[in-house]
Amino acid sequence: MLKFITPRNVLITTGLGFLLTGVIFQIDSIQLAKDTFPKELLTQEGLRIAELMQEGLGTLLIMVGIIIFTARNIEKEAARKLVISIGIGSSVLFIGAIMHLLEDDINPPISGIVMIGTFILLTVIASAQD
Amino acid sequence: MTLGTLFYIVSSMIANDTFPEKLLTKEGLRIAELMQEALGTFLIAMGILLFSLRNVDKKSARKAITGVGFASTALFIGGILHLLKNDVHPPIPGIIAAGLILLLSVVVVAQEY
Chain S
1 MLKFITPRNV LITTGLGFLL TGVIFQIDSI QLAKDTFPKE LLTQEGLRIA ELMQEGLGTL
61 LIMVGIIIFT ARNIEKEAAR KLVISIGIGS SVLFIGAIMH LLEDDINPPI SGIVMIGTFI
121 LLTVIASAQD
Chain Y
1 MTLGTLFYIV SSMIANDTFP EKLLTKEGLR IAELMQEALG TFLIAMGILL FSLRNVDKKS
61 ARKAITGVGF ASTALFIGGI LHLLKNDVHP PIPGIIAAGL ILLLSVVVVA QEY
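Sequence order for the protein chains is S and Y. Residue numbering for the first sequence is 1 to 130, as defined by the numbering used here. Residue numbering for the second sequence is 1 to 113, as defined by the numbering used here.
What the hints contain is simulated information worked out from the structure, not anything from laboratory work. Idealized CB from N, CA, C, for every residue including glycine. Mixed in with the good hints, there may be bad ones.
Cut-off 16 Å, straight-line C-alpha distance, at most; resulting in silico cross-link-like pairs (EDC-like, lysine to aspartate or glutamate) [claimed, not checked]: (1) LYS85/Y x GLU55/S; (2) LYS58/Y x GLU112/Y; (3) LYS34/S x GLU51/S; (4) LYS34/S x GLU55/S; (5) LYS59/Y x GLU55/S; (6) LYS34/S x ASP105/S; (7) LYS22/Y x GLU112/Y; (8) LYS81/S x ASP57/Y; (9) LYS59/Y x GLU112/Y; (10) LYS63/Y x GLU55/S; (11) LYS63/Y x GLU112/Y; (12) LYS58/Y x GLU103/S; (13) LYS63/Y x ASP105/S; (14) LYS76/S x ASP57/Y; (15) LYS59/Y x GLU75/S; (16) LYS58/Y x GLU75/S; (17) LYS39/S x GLU51/S; (18) LYS26/Y x GLU40/S; (19) LYS3/S x ASP105/S.
If the Cβ cut is set under 8 Å, some of the chain S residues that face chain Y in the computed set are [what the hints assert, rightly or not]: (20) ILE30; (21) GLU45; (22) GLY56; (23) ALA71.
Isolated chain S (complex conformation):
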């Protein structure tokens, strides 16, 4: 089963994953803001800023998705390098989210953290394969 986790397949999966998450951030920005921030911060102004920033974050996620997805057909060694860097980049996101969860100041979406964790696992497996 693990042989299907090739660098190319990981690039397709992570690229589409980031792309879709970005679109969800754009479409469902208010609900995401309500789930993420504590109630005392969610005044009318706070909610508006959160909504705008979620859209900004969504654009960045779409950007990352496009970059990874367009690189899906690069040669194997380059793909492996990219997969390793996706793993490192995702680790930065993962650690940041876990720290926020532990500090309990905001609640980053658990589904997002699980997704990033899965990406890290996939990149480790894909880059370790011969």
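Fit chain Y to the given chain S structure using the hints.
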């Protein structure tokens, strides 16, 4: 990566410059600060991605740069739309940077090797 680090360090200053005063209550500013940090993390992650591709072969690099061009277009159009709507003021240097990256990627992809 540098831009992402800047978003971390001067998050409240960027928030002050970006959003209109009526939104910048204590709660609004706190949310903006937290979200700027998240944006910063994503920028750093994206920087790591691109930096790791610096030594790939020419054909692969061209494909990656095509992706960067498409991605910058999304950022550029988003920034311009916000400027035109006049609801928020995305940092002009950021929009110029996205435009420049877009231009550079078009030039590089169009060149023959």
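What are the numbers of the hints that this structure violates, sorted from low to high? The structure conflicts with hints 5, 7, 10, 12, 13, 19, 20, although it agrees with all the remaining ones.
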